[in-house]
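Quick mapping for you: the protein sequence lines, in order, are chains A, B and C. Quick note on this note's numbering: the first sequence kicks off at 721 and runs consecutively. Quick note on this note's numbering: the second sequence kicks off at 1127 and runs consecutively. Quick note on this note's numbering: the third sequence kicks off at 4 and runs consecutively.
Note that these hints are calculated values from the structure, not bench results. A quick note: this is a predicted structure, and the numbers were derived from the prediction, not measured. All C-beta atoms in this analysis are idealised placements derived from N, C-alpha and C, irrespective of residue type, glycine included. Treat the hints with caution; some may be incorrect.
[As the list claims (entries may be wrong)] Lysine-lysine pairs mimicking DSS-like chemistry, simulated, CA-CA at most 27 Å apart:
(1) A:Lys946 x B:Lys1219
(2) A:Lys738 x A:Lys946
(3) A:Lys946 x B:Lys1220
[To be verified] Covered stretches of chain A (in silico footprint by chain B; criterion: 3 or more residues with CB under 8 Å from a CB of chain B, positions within the stretch not fixed):
(4) 735-748
(5) 758-771
(6) 929-942
[Unchecked claim] Computed, partial: chain B to chain A, Cβ under 8 Å:
(7) Ala1148
(8) Ser1152
(9) Ala1154
(10) Val1156
(11) Tyr1173
(12) Phe1174
(13) Trp1178
(14) Ile1214
(15) Leu1217
(16) Ala1279
(17) Val1303
(18) Ser1304
(19) Ile1307
(20) Phe1310
(21) Ser1311
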Amino acid sequence: MRKPRISLLRASWLVLRKDWMIEWRTRARLTALIFFSLSTLLLFSFAMGPDIEALRRHAPGYLWLALLFASVLSLGESFRVESENQALTGLVVTPVEPRAIFLGKVFGNASLLFGLSLVLLPVAVALYDIDLSRAPLTLLLVLFLGSVGISAPGIVYSAISANARARDVMLPLLLFPVLVPLLLAAVSATRFTLVPDAQDQLPGWLKLLTAFDLIYLSVGFLLFPKVAEED
Amino acid sequence: MASWIPLAGLIVLVALVIAQLAVPSSRAWVWKVAAGLGTLELAALLYFGLVWAPPEAFMSDVGRILYVHVPHVWACLVAFTINVACAIAYLMKKSWRTDALAEASAEIGVYFGAIGVLMGSIWARPTWGVWWDWDPRLISTTVMLLAYVGYLAFRSFTEDPERRAAWSAAAAILGYVSLPIVWFSVRWWNSLHQVQSTGSTVDKPMRAVLYWGNVTFLTFLLAFIIKRYELARARQSSALELPPVQAPKTEVAV
Amino acid sequence: MKWLSLVLFLSLPVLADIAKPPPPAPAAVAPEPQHPQGIEKVPMGVIEGGWAYVYAAWGAGLLGLVGYAVSLYVRRSEAPPPGAP
Chain A
721 MRKPRISLLR ASWLVLRKDW MIEWRTRARL TALIFFSLST LLLFSFAMGP
771 DIEALRRHAP GYLWLALLFA SVLSLGESFR VESENQALTG LVVTPVEPRA
821 IFLGKVFGNA SLLFGLSLVL LPVAVALYDI DLSRAPLTLL LVLFLGSVGI
871 SAPGIVYSAI SANARARDVM LPLLLFPVLV PLLLAAVSAT RFTLVPDAQD
921 QLPGWLKLLT AFDLIYLSVG FLLFPKVAEE D
Chain B
1127 MASWIPLAGL IVLVALVIAQ LAVPSSRAWV WKVAAGLGTL ELAALLYFGL
1177 VWAPPEAFMS DVGRILYVHV PHVWACLVAF TINVACAIAY LMKKSWRTDA
1227 LAEASAEIGV YFGAIGVLMG SIWARPTWGV WWDWDPRLIS TTVMLLAYVG
1277 YLAFRSFTED PERRAAWSAA AAILGYVSLP IVWFSVRWWN SLHQVQSTGS
1327 TVDKPMRAVL YWGNVTFLTF LLAFIIKRYE LARARQSSAL ELPPVQAPKT
1377 EVAV
Chain C
4 MKWLSLVLFL SLPVLADIAK PPPPAPAAVA PEPQHPQGIE KVPMGVIEGG
54 WAYVYAAWGA GLLGLVGYAV SLYVRRSEAP PPGAP
């Protein structure tokens, strides 16, 4: 392995900043992503009909499904911008560790999803009549952990499916099965920040979320150099 | 059926595996022996499972599905474990042989898993009253199955053999890691709603038949994997004339 | 995969057959069910019959074995002759 000339964290930060800059310069895409997930939320509400009680009960599920669908788009884009002009090759041959690319991209994508969820929350309040004031900080923590959990395996899958044929189908096909436990944990944890948590189940789900994040961050951290070195 | 008979079958099976791995000259006939042995064992399983074994205490005759359902899921998990071991081995040391074995075991694991989940669904109908339920075993097997269906699709949609080998190895590891997490998350979710009674009260003769079923389908697993592996190797050599990845001598014997 | 889906498709009629409403009502608990080992007061709810399910499951297993073996046989032309290095 090449000797990194700058520290891993610094390099990750640079990759993260580069991704943020790209997102900012292509604001139109960002706007499209936001409106895509907003319309997803709206469609769930239409599909369920005007039963506000059912909507409120299932709101965490709809919120996370909207984020999940949006994540497929953002993850796909995350490497598409790199494969144009062979930018990823450029990124890999620079003396930046591939692991720094992984960390930077994971947190870049997670911050995007987290920001998206912050936009979606007020809309969810309006559509599903949920009560955010019960445990707002815990809710933010859940949203952040969930965003990281989607991004950590998602970035690895996005990297490997970016060059496959039918990559638009391939990414969700590979990613969704792996995200089943995350979806379970995130939906449950979100639910218990919105409704009374009678049996004190929230800590267990938060632990599961954290464990998922840590496991996939470390597995991705180990695997990413193997999948990126070929480019 | 005495309880030592499945053990004897298992020993024969292990001997076949060792022969296949260690004695190159045996590779022409091991799969034939495994297939023939599997057929005989299957005939015995039909008798012991459907006629000889007593009806299960709680589920009566429906409990006989156990003798084929559980072995299928076992064979599926064994195949996926072989697959992920090959994936790790490939990432540590590139070899076309481990890649071919990974491809073979993934496809066979999907086959056994699909049949096993189908049987589980058939079984769930009379015992739980539904075709599908939040049982951790059922859900985690299904999630695993979906991950590997994606894996196979990904393999067939990637052209470059070297990239396909490395990338699908990474995909396999990521998918396999999710198995315990799915298990725990569904179990925790379940604790909310209901606790599924796990039929742990399997009597001794039933356990012997169950193990016999496991041996039977593991024997078929061996025969299938050998043939599928040969097929994968043949495809590799026709697709790329086998260029050495690193150096020819690094290939491990499988 | 092609063959696997074929096998699954072929087993659909079996499923459709047993999908008909199961005639006996297992909820109707027989008077004083006795556990074979003599454990009393255990709600047993023994399922009567159900051989259709057993045959469906075993049939799926057998069909699957045959189907997968056939699929390997069909694809054999790509494989080297037996005993080849």
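Now for the hints, and whether the structure bears them out:
{"no.": "1", "hint": "A:Lys946 x B:Lys1219", "verdict": "holds, 11 Å"}
{"no.": "2", "hint": "A:Lys738 x A:Lys946", "verdict": "holds, 23 Å"}
{"no.": "3", "hint": "A:Lys946 x B:Lys1220", "verdict": "holds, 11 Å"}
{"no.": "4", "hint": "735-748", "verdict": "violated (count 0)"}
{"no.": "5", "hint": "758-771", "verdict": "violated (count 0)"}
{"no.": "6", "hint": "929-942", "verdict": "holds (count 6)"}
{"no.": "7", "hint": "Ala1148", "verdict": "violated, 30 Å"}
{"no.": "8", "hint": "Ser1152", "verdict": "violated, 34 Å"}
{"no.": "9", "hint": "Ala1154", "verdict": "violated, 35 Å"}
{"no.": "10", "hint": "Val1156", "verdict": "violated, 33 Å"}
{"no.": "11", "hint": "Tyr1173", "verdict": "violated, 38 Å"}
{"no.": "12", "hint": "Phe1174", "verdict": "violated, 36 Å"}
{"no.": "13", "hint": "Trp1178", "verdict": "violated, 39 Å"}
{"no.": "14", "hint": "Ile1214", "verdict": "violated, 10 Å"}
{"no.": "15", "hint": "Leu1217", "verdict": "holds, 5 Å"}
{"no.": "16", "hint": "Ala1279", "verdict": "holds, 6 Å"}
{"no.": "17", "hint": "Val1303", "verdict": "holds, 6 Å"}
{"no.": "18", "hint": "Ser1304", "verdict": "holds, 5 Å"}
{"no.": "19", "hint": "Ile1307", "verdict": "holds, 4 Å"}
{"no.": "20", "hint": "Phe1310", "verdict": "holds, 7 Å"}
{"no.": "21", "hint": "Ser1311", "verdict": "holds, 4 Å"}
In summary, the numbered hints that this structure violates are 4, 5, 7, 8, 9, 10, 11, 12, 13, 14.
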